[in-house]
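Going down the list, the protein sequences come from chains A and B. Heads up: the first sequence begins at 1 in full-length UniProt numbering, then just goes up one per residue. Heads up: the second sequence begins at 1 in full-length UniProt numbering, then just goes up one per residue.
Honestly, the hints are just simulated from the structure, not real lab data. Don't take every hint at face value.
Which chain B residues face chain A? A few, computed with CB under 10 Å, are given here [said to hold, decoys possible]:
#  : residue
1  : Met-1
2  : Ile-5
3  : Ala-23
4  : Ile-39
5  : Phe-139
6  : Cys-280
7  : Gly-302
8  : Tyr-306
9  : Ile-314
10 : Pro-358
11 : Thr-362
12 : Pro-366
Taking lysine-lysine pairs in the DSBU-like style, the calculated list, with each CA pair at most 30 Å apart, reads [what the hints assert, rightly or not]:
#  : chain 1 : residue 1 : chain 2 : residue 2
13 : B       : Lys-383   : A       : Lys-157
14 : A       : Lys-390   : B       : Lys-342
15 : B       : Lys-214   : A       : Lys-130
16 : B       : Lys-157   : A       : Lys-390
17 : A       : Lys-214   : B       : Lys-342
18 : A       : Lys-384   : B       : Lys-130
19 : B       : Lys-297   : A       : Lys-365
20 : B       : Lys-79    : B       : Lys-214
21 : B       : Lys-130   : A       : Lys-383
22 : A       : Lys-157   : B       : Lys-390
23 : A       : Lys-297   : B       : Lys-130
24 : B       : Lys-390   : A       : Lys-214
25 : A       : Lys-342   : B       : Lys-345
26 : A       : Lys-214   : B       : Lys-167
27 : A       : Lys-37    : B       : Lys-334
28 : B       : Lys-384   : A       : Lys-297
29 : B       : Lys-157   : A       : Lys-383
30 : A       : Lys-345   : B       : Lys-342
31 : A       : Lys-297   : B       : Lys-390
32 : A       : Lys-167   : B       : Lys-157
33 : A       : Lys-105   : B       : Lys-390
34 : B       : Lys-214   : A       : Lys-214
35 : A       : Lys-105   : B       : Lys-130
36 : A       : Lys-297   : B       : Lys-383
37 : B       : Lys-37    : A       : Lys-214
38 : A       : Lys-323   : B       : Lys-157
39 : A       : Lys-390   : B       : Lys-169
40 : B       : Lys-157   : A       : Lys-261
The C-beta atom is built at its ideal place from N, Cα and C for all residues, glycine as well.
2 protein chains.
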Amino acid sequence: MLAEIITIGDEILIGQIVDTNSAWMATQLNHIGVRVKQISSVSDDSEHILQALAEAAGRAKIVFITGGLGPTKDDITKKTLATYFNVGLVENQEALENVERIFAKYNRPLLEVNRLQAQVPANCDIILNKNGTAPGMWFNHNGIIYISMPGVPFEMKYMMEEQVIPKIKATLKLPVIIHKTILTVGEGESFLAEHIADIENDLPPYIKLAYLPKLGQVRLRLSGFGEDEALLLPQVEQFAARIIERIGNVFVVAEDIELEKAIMNKMEAADLTVSVAESCTGGYLSHLFTQHPGSSKVFLGGGVVYANTLKEHILGVKPQTIKSFGAVSEQCVKEMVQGAIKNFKSDFAIAITGIAGPDGGTPDKPVGTVWIAVAGSEKMLIKKYTFGNKRQQNIERSAVMALSMLNTLLTDIAN
Amino acid sequence: MLAEIITIGDEILIGQIVDTNSAWMATQLNHIGVRVKQISSVSDDSEHILQALAEAAGRAKIVFITGGLGPTKDDITKKTLATYFNVGLVENQEALENVERIFAKYNRPLLEVNRLQAQVPANCDIILNKNGTAPGMWFNHNGIIYISMPGVPFEMKYMMEEQVIPKIKATLKLPVIIHKTILTVGEGESFLAEHIADIENDLPPYIKLAYLPKLGQVRLRLSGFGEDEALLLPQVEQFAARIIERIGNVFVVAEDIELEKAIMNKMEAADLTVSVAESCTGGYLSHLFTQHPGSSKVFLGGGVVYANTLKEHILGVKPQTIKSFGAVSEQCVKEMVQGAIKNFKSDFAIAITGIAGPDGGTPDKPVGTVWIAVAGSEKMLIKKYTFGNKRQQNIERSAVMALSMLNTLLTDIAN
Numbered sequence: 001m002l003a004e005i006i007t008i009g010d011e012i013l014i015g016q017i018v019d020t021n022s023a024w025m026a027t028q029l030n031h032i033g034v035r036v037k038q039i040s041s042v043s044d045d046s047e048h049i050l051q052a053l054a055e056a057a058g059r060a061k062i063v064f065i066t067g068g069l070g071p072t073k074d075d076i077t078k079k080t081l082a083t084y085f086n087v088g089l090v091e092n093q094e095a096l097e098n099v100e101r102i103f104a105k106y107n108r109p110l111l112e113v114n115r116l117q118a119q120v121p122a123n124c125d126i127i128l129n130k131n132g133t134a135p136g137m138w139f140n141h142n143g144i145i146y147i148s149m150p151g152v153p154f155e156m157k158y159m160m161e162e163q164v165i166p167k168i169k170a171t172l173k174l175p176v177i178i179h180k181t182i183l184t185v186g187e188g189e190s191f192l193a194e195h196i197a198d199i200e201n202d203l204p205p206y207i208k209l210a211y212l213p214k215l216g217q218v219r220l221r222l223s224g225f226g227e228d229e230a231l232l233l234p235q236v237e238q239f240a241a242r243i244i245e246r247i248g249n250v251f252v253v254a255e256d257i258e259l260e261k262a263i264m265n266k267m268e269a270a271d272l273t274v275s276v277a278e279s280c281t282g283g284y285l286s287h288l289f290t291q292h293p294g295s296s297k298v299f300l301g302g303g304v305v306y307a308n309t310l311k312e313h314i315l316g317v318k319p320q321t322i323k324s325f326g327a328v329s330e331q332c333v334k335e336m337v338q339g340a341i342k343n344f345k346s347d348f349a350i351a352i353t354g355i356a357g358p359d360g361g362t363p364d365k366p367v368g369t370v371w372i373a374v375a376g377s378e379k380m381l382i383k384k385y386t387f388g389n390k391r392q393q394n395i396e397r398s399a400v401m402a403l404s405m406l407n408t409l410l411t412d413i414a415n
Numbered sequence: 001m002l003a004e005i006i007t008i009g010d011e012i013l014i015g016q017i018v019d020t021n022s023a024w025m026a027t028q029l030n031h032i033g034v035r036v037k038q039i040s041s042v043s044d045d046s047e048h049i050l051q052a053l054a055e056a057a058g059r060a061k062i063v064f065i066t067g068g069l070g071p072t073k074d075d076i077t078k079k080t081l082a083t084y085f086n087v088g089l090v091e092n093q094e095a096l097e098n099v100e101r102i103f104a105k106y107n108r109p110l111l112e113v114n115r116l117q118a119q120v121p122a123n124c125d126i127i128l129n130k131n132g133t134a135p136g137m138w139f140n141h142n143g144i145i146y147i148s149m150p151g152v153p154f155e156m157k158y159m160m161e162e163q164v165i166p167k168i169k170a171t172l173k174l175p176v177i178i179h180k181t182i183l184t185v186g187e188g189e190s191f192l193a194e195h196i197a198d199i200e201n202d203l204p205p206y207i208k209l210a211y212l213p214k215l216g217q218v219r220l221r222l223s224g225f226g227e228d229e230a231l232l233l234p235q236v237e238q239f240a241a242r243i244i245e246r247i248g249n250v251f252v253v254a255e256d257i258e259l260e261k262a263i264m265n266k267m268e269a270a271d272l273t274v275s276v277a278e279s280c281t282g283g284y285l286s287h288l289f290t291q292h293p294g295s296s297k298v299f300l301g302g303g304v305v306y307a308n309t310l311k312e313h314i315l316g317v318k319p320q321t322i323k324s325f326g327a328v329s330e331q332c333v334k335e336m337v338q339g340a341i342k343n344f345k346s347d348f349a350i351a352i353t354g355i356a357g358p359d360g361g362t363p364d365k366p367v368g369t370v371w372i373a374v375a376g377s378e379k380m381l382i383k384k385y386t387f388g389n390k391r392q393q394n395i396e397r398s399a400v401m402a403l404s405m406l407n408t409l410l411t412d413i414a415n
């Protein structure tokens with residue numbers, strides 16, 4: 001079953017916002033066996049939207065449309081859909097009551113522009129929007145389903161989870177798609193490809209292998225397409241097992257989860273805790289951990305010790321150490337990690353200090369110089385990295401390498 | 001001048017990665033007066049790519065293609081482009097030397113799959129890739145320019161900045177597009193629209209106004225399209241000034257920058273510093289600040305005090321306070337912010353404690369309950385928020401509201 005996603009709005013096309021909705025929707029659709037054929041972002045322009053709708057309907061059975069449903073003048077999706085289906089706009093009672101309910105809840109006067117949000121093309125079924133005033137719309141036209149939702153992520157997500165996905169499952173007979181992802185860290189895409197070339201050659205045409213590299217990590221994704229899950233799943237699993245056996249110690253986890261989540265899962269199972277002392281990563285590593293529900297079972301917290309005075313106050317780094325060797329030094333990162341273990345009373349700690357850039361480099365410590373220390377009660381790893389001169393990349397690479405070092409330490413202990 | 005962006009790769013269509021490249025490219029293109037008409041993400045499928053190329057070439061003058069240039073089997077962009085242009089693949093000496101240089105640098109053996117990366121369609125000009133082994137390609141075919149680049153963001157970005165943008169500017173006569181963005185915080189889209197309806201009605205057809213809402217903030221974006229910057233710019237500026245005057249105190253800054261960056265700019269100009277005490281935001285607010293170059297001039301750091309023991313150790317929160325009132329309480333957030341000011345010696349401090357969810361709520365403190373305190377030497381604001389039950393949203397909203405409170409405090413002091 002093929003679907004397409006059309007996002008409407010100039011804000012994506014001028015780069016003011018990143019389209020995160022489509023990736024989220026695609027993930028949800030894959031889980032129920034709907035494959036996204038194309039994602040198209042088009043402008044707030046009626047003719048362009050009409051063309052995109054026709055193109056998508058020529059390739060897919062379900063067309064998702066997000067955006068352009070706000071109360072303001074640049075939001076033209078509804079009118080355009082009415083044109084596309086050759087119907088008029090009518091006020092929908094259920095949608096109106098929803099708008100009234102929301103305005104009553106926040107004690108705000110109902111403006112005429114808001115009332116207009118209850119108008120929808122005459123041929124649609126309403127998808128109730130509990131989190132906003134713009135209703136979603138479900139159309140069934142010439143054998144194609146069209147689903148229009150707001151572009152605001154949490155409004156769209158709620159509608160998808162609570163209403164759209166269940167309705168799709170109830171309406172359509174869906175094929176099976178199985179994805180199996182293997183997370184690796186520490187080796188490049190080409191090395192891995194060469195290493196498993198014979199396994200890849202053995203794959204049947206209905207199982208595909210993709211390499212997804214991302215800052216020090218490569219995800220290997222097997223995708224099986226078929227009708228019968230009971231037949232397909234063991235085949236995909238078998239190829240995954242062969243790959244995992246072959247790649248050895250670069251393997252992290254056979255799940256499509258984030259590196260830090262995989263590590264927290266291992267630590268939670270072993271009843272271990274971690275704390276951090278972040279200088280150049282500035283809270284990014286903490287955020288990686290704490291974005292995940294339940295992270296407090298493993299992650300105690302730590303210091304974002306951007307200023308040297310905070311390295312001293314929070315971690316007990318000696319002023320003399322910073323004076324003699326600098327804040328970006330083996331000596332400093334060692335005192336940082338030791339201070340974290342001691343003061344925060346965690347089983348493991350990570351300390352990172354470096355020059356993220358773009359300024360602040362010196363000839364012997366150029367931008368991208370990062371010291372990372374990871375320590376448990378019995379073992380400590382300290383490494384110096386020399387990354388590039390891009391700030392955000394240096395921050396992200398530092399965090400990934402720190403996690404990779406923690407993974408190594410945990411693996412050593414487990415073996 | 002119209003462009004289109006085609007991203008190639010199943011990883012976007014199954015939602016495994018978010019396409020951040022296109023937004024970045026669109027921003028760069030807008031700066032030089034190239035408007036992106038459509039962004040299309042298509043699968044690793046030759047026929048689908050051919051169709052997308054033809055559709056894009058029917059609408060735009062420049063077609064950007066990213067992705068599918070890796071050394072592995074699922075990367076089929078080059079072969080497909082050769083088919084599209086009806087030419088063969090040839091080994092390019094410059095591209096081969098680049099591959100050899102990179103492998104020599106990292107002391108790795110050059111594999112056959114890597115050598116193949118130097119093969120390109122016979123009709124292209126090479127765009128050198130200093131950060132990777134896959135060359136970029138520039139085609140000029142029947143009056144349309146096609147530019148193919150790797151999907152790895154930092155490889156693509158470097159190529160765009162250093163080579164593609166300069167070559168586009170040198171090759172084409174470009175029109176003028178002017179964007180002016182007004183950042184507001186604290187009022188909804190509908191309220192703003194009603195409030196400035198008459199100004200919006202006065203806009204000429206070549207100046208458009210868009211509303212871009214995002215978690216407590218609304219960006220108002222004026223876009224002017226024309227030929228003569230000297231004529232267009234003052235008109236756009238004049239409408240921006242009318243809007244800013246009208247909206248009053250919800251105005252933050254007349255730049256398209258992030259809220260936290262706008263605040264740091266104000267603080268840097270006044271030589272003020274800030275520190276944080278983050279519980280439920282878990283490092284996210286620190287990361288918001290520190291992602292920006294130069295943040296160390298304003299942001300000193302702080303504590304990610306996830307565990308209660310860290311609230312006590314790092315901030316000096318009294319154990320009795322947590323015992324009597326809980327960690328999510330007015331009393332606790334007050335001691336947190338006071339502890340931050342005292343221990344971190346900053347001019348201002350932000351403290352946040354709450355229940356991000358999805359677990360951990362109680363009947364009187366449901367998930368989404370967040371206490372925020374912002375303090376300077378003379379003034380303190382403390383507010384309780386009740387957000388929803390989505391973890392990531394609660395984290396982001398907490399940070400935005402904390403920044404909004406800091407902005408209020410700074411504005412009060414300035415007036």
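Verification of the hints:
1. Met-1: violated (14 Å)
2. Ile-5: holds (9 Å)
3. Ala-23: holds (4 Å)
4. Ile-39: holds (4 Å)
5. Phe-139: violated (22 Å)
6. Cys-280: Cβ of B/Cys-280 sits 8 Å from chain A, so the hint holds.
7. Gly-302: holds (5 Å)
8. Tyr-306: With a minimum Cβ separation of about 4 Å from chain A (threshold 10 Å), the hint on B/Tyr-306 holds.
9. Ile-314: holds (6 Å)
10. Pro-358: At 5 Å from the nearest chain A Cβ, B/Pro-358 passes the 10 Å test, so the hint holds.
11. Thr-362: Violated - the Cβ of B/Thr-362 stays beyond 10 Å from chain A, reaching only about 15 Å at its closest.
12. Pro-366: violated (16 Å)
13. B/Lys-383 to A/Lys-157: Holds, because 28 Å separates the two Cα atoms, which is no more than 30 Å.
14. A/Lys-390 to B/Lys-342: The hint is violated at about 34 Å.
15. B/Lys-214 to A/Lys-130: holds (18 Å)
16. B/Lys-157 to A/Lys-390: holds (11 Å)
17. A/Lys-214 to B/Lys-342: Since the Cα atoms of A/Lys-214 and B/Lys-342 sit roughly 41 Å apart, the hinted pair is violated (cutoff 30 Å).
18. A/Lys-384 to B/Lys-130: Holds, at about 23 Å.
19. B/Lys-297 to A/Lys-365: holds (20 Å)
20. B/Lys-79 to B/Lys-214: Roughly 41 Å between the alpha carbons, so the hint for B/Lys-79 and B/Lys-214 is violated.
21. B/Lys-130 to A/Lys-383: The given pair, whose Cα atoms are some 26 Å apart, holds under the 30 Å limit.
22. A/Lys-157 to B/Lys-390: Given pair A/Lys-157, B/Lys-390 holds - Cα atoms ~11 Å apart, limit 30 Å.
23. A/Lys-297 to B/Lys-130: violated (43 Å)
24. B/Lys-390 to A/Lys-214: holds (27 Å)
25. A/Lys-342 to B/Lys-345: holds (23 Å)
26. A/Lys-214 to B/Lys-167: holds (29 Å)
27. A/Lys-37 to B/Lys-334: violated (52 Å)
28. B/Lys-384 to A/Lys-297: holds (25 Å)
29. B/Lys-157 to A/Lys-383: Within the cut-off at roughly 28 Å; holds.
30. A/Lys-345 to B/Lys-342: holds (23 Å)
31. A/Lys-297 to B/Lys-390: Roughly 19 Å between the alpha carbons, so the hint for A/Lys-297 and B/Lys-390 holds.
32. A/Lys-167 to B/Lys-157: violated (41 Å)
33. A/Lys-105 to B/Lys-390: holds (20 Å)
34. B/Lys-214 to A/Lys-214: With a Cα-Cα distance of about 27 Å, the restraint between B/Lys-214 and A/Lys-214 holds, given a limit of 30 Å.
35. A/Lys-105 to B/Lys-130: Answer violated: A/Lys-105 to B/Lys-130 is near 56 Å, above 30 Å.
36. A/Lys-297 to B/Lys-383: Since the Cα atoms of A/Lys-297 and B/Lys-383 sit roughly 28 Å apart, the hinted pair holds (cutoff 30 Å).
37. B/Lys-37 to A/Lys-214: Holds, at roughly 28 Å.
38. A/Lys-323 to B/Lys-157: violated (38 Å)
39. A/Lys-390 to B/Lys-169: holds (25 Å)
40. B/Lys-157 to A/Lys-261: OK: B/Lys-157 and A/Lys-261 at ~29 Å, within 30 Å.
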